[in-house]
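Chain by chain, the residues run as shown.
2 protein chains.
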Amino acid sequence: MNNFNDWLKSPVANIDSAAQEQAFQRQQQLTKPAGSLGRLEQLAIQLAAMQAMPLPQIDKVQITVFAADHGVMAENVSAFPQSVTTAMIHNFASGGAAISVLANSLNASLSVINVGSVDELETIDGVEDQRIASGTNNFCLEPAMSSEQLQQALSVGADHVTGCLTQGLDLFIGGDMGIGNTTSATAIACALLNLPAETLTGPGTGLNTDGVKHKAAVIEKALLKHQPALNDPLSVLQHVGGFEIAALTGAYLACAKQGLPVLVDGFISSVAALAAEHLSPGSRDWFIFSHASAEPGHQHIMAALDAEPLLDLGMRLGEASGAAVAVPLLKLSCALHANMATFEQAAVAGAL
Amino acid sequence: MNNFNDWLKSPVANIDSAAQEQAFQRQQQLTKPAGSLGRLEQLAIQLAAMQAMPLPQIDKVQITVFAADHGVMAENVSAFPQSVTTAMIHNFASGGAAISVLANSLNASLSVINVGSVDELETIDGVEDQRIASGTNNFCLEPAMSSEQLQQALSVGADHVTGCLTQGLDLFIGGDMGIGNTTSATAIACALLNLPAETLTGPGTGLNTDGVKHKAAVIEKALLKHQPALNDPLSVLQHVGGFEIAALTGAYLACAKQGLPVLVDGFISSVAALAAEHLSPGSRDWFIFSHASAEPGHQHIMAALDAEPLLDLGMRLGEASGAAVAVPLLKLSCALHANMATFEQAAVAGAL
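Going down the list, the sequences are from chains A and B. If you count the first sequence from 1, position 56 lands on 64 in the working numbering, and the numbers rise without skipping. If you count the second sequence from 1, position 158 lands on 166 in the working numbering, and the numbers rise without skipping.
Honestly, the hints are just simulated from the structure, not real lab data. Computed from a predicted model, the values in this text were never measured in an experiment. Keep in mind that a hint or two might mislead.
Since the list can't tell identical chains apart, any single copy or any two copies may satisfy a pair.
In silico SDA-like cross-links for lysine to any residue, where the CA-CA straight-line distance does not exceed 20 Å [claimed, not checked]:
| id | residue 1 | residue 2 |
| --- | --- | --- |
| 1 | K339 | G104 |
| 2 | K339 | D14 |
| 3 | K68 | G104 |
| 4 | K68 | T207 |
| 5 | K339 | S117 |
| 6 | K68 | C172 |
| 7 | K68 | Q36 |
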């Protein structure tokens with residue numbers, strides 16, 4: 009990225025209201041009672057507006073998982089050990105992770121980008137090495153990263169999207185892997201929404217009640233420590249963020265600025281979407297929210313973004329898995345929109 | 009069907025609890041926090057129990073739409089004219105209806121069976137002619153059908169499923185088409201659940217508030233007229249049912265008795281599922297409920313069947329469209345279940 013600050017200040021793309029109106033009109037003519045396909049109608053219209061095409065399509069889907077480690081793991085905030093981040097990077101690459109199976113089933117392209125595992129990894133087929141540091145710092149003691157590292161993480165995400173766009177793309181999905189990252193994401197959301205830690209903190213991968221209490225106390229301590237620096241979204245990401253969350257934010261910003269629809273995954277991804285909206289207001293126009301995470305704080309993020317997720321399946325895995333599961337809904341909404349007969353074509357009488 | 013009464017009294021198949029347990033154990037070993045795939049885990053386990061296979065599959069999907077007309081249309085209970093039933097039968101066959109597009113997108117087999125359009129139709133490619141009568145009678149004046157006609161309708165559905173099963177099948181989806189059929193379905197549900205018409209009556213394809221009030225009054229009048237005959241589910245279907253609803257009921261019963269999983273569509277289909285459960289208790293074990301219909305009475309049917317539908321997209325079209333949209337969730341749950349690596353395979357450490 010040549011000039012990061014200019015890029016960050018550049019406006020988001022506008023959706024195409026003419027294509028939106030054409031898609032709306034077409035929906036009224038299809039052989040069904042008006043509105044009877046519910047959100048599938050709205051999705052087709054929304055995608056038409058985003059893709060600037062009266063007949064939108066979801067054929068080329070890019071799924072990118074950003075992985076990194078978190079210094080705050082020193083505070084004992086997760087049910088899983090930190091070594092799992094690295095093991096899962098291998099699992100993504102070898103096809104055994106949930107998102108690997110889903111991407112394969114959906115015929116979507118899957119990229120894995122290591123932006124900061126604790127361990128330096130050998131070269132792995134299918135994993136891009138963009139490691140910024142050996143995990144973030146423990147943000148209970150110091151800022152999670154330097155401003156240069158933050159810029160680097162945002163740029164990795166943004167440059168990745170820009171690169172994907174040169175090959176043509178209908179939809180971008182970002183995902184996260186990083187043991188401890190609900191702690192960072194919760195801290196970011198608390199700072200951006202001015203909410204106490206206990207409101208947003210949840211079990212993540214599976215803490216018990218005491219574990220959740222401890223995690224909330226850790227987050228509250230960090231928020232207090234960095235309080236003077238939490239007055240703008242960039243500084244929030246620097247002080248309590250994670251490399252993969254910042255990379256996701258950069259990717260989402262690049263989508264919004266270049267006009268590519270994003271299907272947002274669950275808790276971590278929604279916090280990245282919230283950060284993107286705070287950094288570049290209007291970004292949210294480019295986001296479709298895929299599923300309601302079982303992580304209890306997610307509903308607050310959804311409310312702040314005025315979002316109603318498509319699915320509510322009790323999922324809480326991350327890795328972009330919830331977004332991947334919602335892809336068929338988008339595909340089917342486009343198929344219905346494009347291929348159903350109109351009342352005129354089918355000689356069906358409309359409503360009285 | 010050789011002996012209808014024997015068949016009706018025959019028990020439903022048992023699910024396979026050994027396969028269910030094996031699938032449950034496998035889910036605990038896959039590389040994800042336990043339970044983090046939410047309902048997708050439960051679906052895989054449920055399908056394993058139904059298909060008696062630790063690794064279930066949803067490859068061969070049969071979608072069958074039963075179409076018929078309703079004498080109660082004489083009471084002015086729909087926003088659409090009765091001619092639409094016939095026009096939509098043509099639309100299904102020519103590929104322009106929502107379910108035609110969905111079946112094509114899902115690579116599912118689509119059958120359309122005319123069990124009682126008002127008009128006698130010419131031979132249509134892709135439509136099976138099993139027309140029982142020129143629509144049902146107006147059940148405000150007389151029973152909707154004779155007991156012989158009811159038996160015929162149930163048998164059409166059941167025989168169809170039995171025929172499909174000879175070719176191998178992983179999942180059955182039934183759908184409905186029949187202008188006026190929410191009036192019949194609502195009357196059936198009121199009779200089976202002993203609820204007043206105003207509790208269950210909704211706008212169907214798009215009645216306004218006055219239209220819904222009138223429709224509820226029509227249903228209440230019919231329930232009052234036939235009250236002495238509404239003491240068993242067979243008699244309920246005969247007096248206030250429809251040919252397509254009875255055929256759906258017969259199809260569901262055949263699935264339950266022969267052990268084939270059913271993905272149930274919205275309001276009409278759920279009423280048929282309710283009737284099947286009343287006719288052969290335990291049938292419900294074979295039903296997966298696909299979506300929450302926007303028709304307000306649907307939630308009462310779901311509560312009565314202790315069902316939590318997978319999707320809530322505000323759909324209210326019928327034709328099996330909501331069930332079709334949920335098929336990818338079943339496919340993806342099976343793919344995740346079969347193809348994800350175990351902790352051991354991936355050398356990922358489990359929860360502390």
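Quick rundown of the hints versus the structure:
1. Within a single copy, K339 and G104 get their C-alpha atoms only as close as 25 Å, which misses the 20 Å cut-off; across copies the closest is 17 Å, which meets it.
2. Within a single copy, K339 and D14 get their C-alpha atoms no closer than 35 Å, and across copies no closer than 45 Å, so neither meets the 20 Å cut-off.
3. In this assembly of identical chains, the alpha carbons of K68 and G104 never lie at most 20 Å apart, being 22 Å within a copy and 25 Å across copies at closest.
4. Taking CA atoms no more than 20 Å apart as the test, K68 paired with T207 passes in neither setting, with 38 Å inside one copy and 46 Å between copies.
5. Proximity of K339 and S117 under a CA criterion of 20 Å is satisfied in both settings, with 15 Å inside one chain copy and 19 Å between copies.
6. Taking CA atoms no more than 20 Å apart as the test, K68 paired with C172 passes inside one copy only; the shortest distance there is 10 Å, against 35 Å between copies.
7. Taking the shortest Cα distances, K68 and Q36 never come within 20 Å of each other, neither inside one copy (27 Å) nor across copies (33 Å).
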